[in-house]
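Participant: If you want the building blocks of each chain, they are given just below.
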Amino acid sequence: MKALQIVAYGEIKDSLAFNEVNKPTVQTTDVLIEVKAAAINPIDKSIILGKLQGLIPLPFPSTIGYDVSGIVVDKGTEVLDFEIGDLVYARVPQEQMGTLAEYVAVNTIAVSKKPGNTSFEEAASIPLAGLTALQSLEYIGLKKDDKILIHAGSGGVGSFAIQYAKSKGAYVYTTTSTSNVTWVKKLGADRVIDYKTEDYKTIVTDADIVFDTLGKHYTREAFQVIKKGGTVVSVVGPMDEQSAKDFGMTDYTLPVELSKVIQEREARYKFIFMHPNGSHLGKIKTLIEDGKIQPIIDIVYPFNKSIEAFTHLASGRAKGKIVIKIE
Amino acid sequence: MEELIQKIKSSIQLSSEAEDYLKSISKKKMIAKGSILIREGHNVNNIYYVTDGCLRSYCTDKKGKEHTLQFGIKNWWISDYIAIHTNESATLTVECLTESTIIEFNAKKLNGILVRFPEYEPFQRNLLERHVVSLHKRILNQLQLTATERYDLFLRQYPDIEQYTRNYHIASYLGITQESLSRVRVDKAKQ
Numbered sequence: 016m017k018a019l020q021i022v023a024y025g026e027i028k029d030s031l032a033f034n035e036v037n038k039p040t041v042q043t044t045d046v047l048i049e050v051k052a053a054a055i056n057p058i059d060k061s062i063i064l065g066k067l068q069g070l071i072p073l074p075f076p077s078t079i080g081y082d083v084s085g086i087v088v089d090k091g092t093e094v095l096d097f098e099i100g101d102l103v104y105a106r107v108p109q110e111q112m113g114t115l116a117e118y119v120a121v122n123t124i125a126v127s128k129k130p131g132n133t134s135f136e137e138a139a140s141i142p143l144a145g146l147t148a149l150q151s152l153e154y155i156g157l158k159k160d161d162k163i164l165i166h167a168g169s170g171g172v173g174s175f176a177i178q179y180a181k182s183k184g185a186y187v188y189t190t191t192s193t194s195n196v197t198w199v200k201k202l203g204a205d206r207v208i209d210y211k212t213e214d215y216k217t218i219v220t221d222a223d224i225v226f227d228t229l230g231k232h233y234t235r236e237a238f239q240v241i242k243k244g245g246t247v248v249s250v251v252g253p254m255d256e257q258s259a260k261d262f263g264m265t266d267y268t269l270p271v272e273l274s275k276v277i278q279e280r281e282a283r284y285k286f287i288f289m290h291p292n293g294s295h296l297g298k299i300k301t302l303i304e305d306g307k308i309q310p311i312i313d314i315v316y317p318f319n320k321s322i323e324a325f326t327h328l329a330s331g332r333a334k335g336k337i338v339i340k341i342e
Numbered sequence: 434m435e436e437l438i439q440k441i442k443s444s445i446q447l448s449s450e451a452e453d454y455l456k457s458i459s460k461k462k463m464i465a466k467g468s469i470l471i472r473e474g475h476n477v478n479n480i481y482y483v484t485d486g487c488l489r490s491y492c493t494d495k496k497g498k499e500h501t502l503q504f505g506i507k508n509w510w511i512s513d514y515i516a517i518h519t520n521e522s523a524t525l526t527v528e529c530l531t532e533s534t535i536i537e538f539n540a541k542k543l544n545g546i547l548v549r550f551p552e553y554e555p556f557q558r559n560l561l562e563r564h565v566v567s568l569h570k571r572i573l574n575q576l577q578l579t580a581t582e583r584y585d586l587f588l589r590q591y592p593d594i595e596q597y598t599r600n601y602h603i604a605s606y607l608g609i610t611q612e613s614l615s616r617v618r619v620d621k622a623k624q
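If you read the sequences in order, they're chains A and B. The opening position of the first sequence corresponds to residue 16 in my numbering, with each subsequent residue numbered one higher. The opening position of the second sequence corresponds to residue 434 in my numbering, with each subsequent residue numbered one higher.
Just chain A, with the same shape it has in the complex (with noise of 0.2 Å):
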């Protein structure tokens, strides 16, 4: 089957390449997925870049691409819940990274069927972003009322956020640049901050939960702008100490800078690691099959135009996600 793979770690071009590979077989638990639309990540970007070596080592050449929607065509033995011929979608788990192919080999601890009311290419835009949105603000207890700051709402994460949250009842500040103000108002955001005009840290003064989709000196800076006892939930920043204790870093301890802000505030911090989960993708099914929240895409690209798909996505301008469509 066809594949697009990373070769190597440097710029998009040099790193990627088309290669016929081997069809995946399943495990006992696993489904085969018939891949009908994936969807790349800024995570990919910095795979592709080397940056990610450390912790995600790979083995060249390596299929990418995390978020898949398709068809069951296959499963192992032990599979209950998914029968051949279910639409589906999910993030892949690490091991089985590689989603930008024709057929994909999916734990089904990740797999979710997809939302009724999607096309394939909608559901693909879903997983890694809406996960990541929905892990983190369910962790923290986000509830109505809560005056919540979502930093990039016109990013896959915060566009996502922005209508979960909303979902919810919150009151949402964003921040945007100035193209982008009028379709992320369109998304529910109450106020909507355009960066490039406007200093967030003078119009928000009072959140509760300040969501750190940016990381460096916005992880500390949130602690400007939430009252006293808020929260900062970040998957970007510095990991937090309970975090790092279960990943097994016993030594670990908070930057001093941010740990100073976050006692003078007496604020919680927690870094979300975003983990695969097929239930968590089942109660977004939910929230899209009930109209609550939208997909959003950016732009959808044929398989066979990957690597300019890849290049769009390391501009940083795309609004939403970026698709690609495998058949």
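Treat the hints as calculated values from the structure; they're not laboratory data. Any given hint could be a false lead.
Straight-line Cα separation of at most 25 Å, BS3-like style, residue types lysine-lysine; simulated pairs [claimed, not checked]: (1) B:623 to A:307; (2) A:260 to A:181; (3) B:496 to A:334; (4) B:466 to A:307; (5) A:128 to B:623.
Keeping the supplied structure of chain A fixed, place chain B upon it in accordance with the hints.
Facilitator: The following block gives chain B in isolation, referenced to the frame of chain A:
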């Protein structure tokens, strides 16, 4: 089953032998919410008569989106008649939207009743005619009525169904988007 037998008897003379035959080819079943009775791409052997609850038949287009063909509520029949007639695999999926009670008939044996008990034919013919009328009306309504008019008719045809269905089930039955369905409901509420 008795209720169905009485229904049949109210329109035709049904012999006790034919009644026994009907009972012998049918099976009453309680079906859990979410169960799939017919799965697209698989063989279809049965026709279902709904005595309680709600079922839905739908097809999935090439893009992966579902389109609802029919809801099966109390006293309605549901199956994939295309698959049964052509003897091909199912093009539809029939799912259970709420806990339901059905009477399952083997399709071939149900057709066989006409040979063994010709007295059953007027009931079967009437059933088919009503089915054709219903389908013609659905096509004509789709061609000439507004979304609001189609929604009004839908509520009359399927009273109380909204307690079992999701918005996208209804929107895809009416051939409109969920956003349009919301607008139709808002407009109706204002009237």
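Participant: Taking the numbered hints from earlier one at a time, note which ones the structure violates and give those numbers from smallest to largest.
Facilitator: 2, 5
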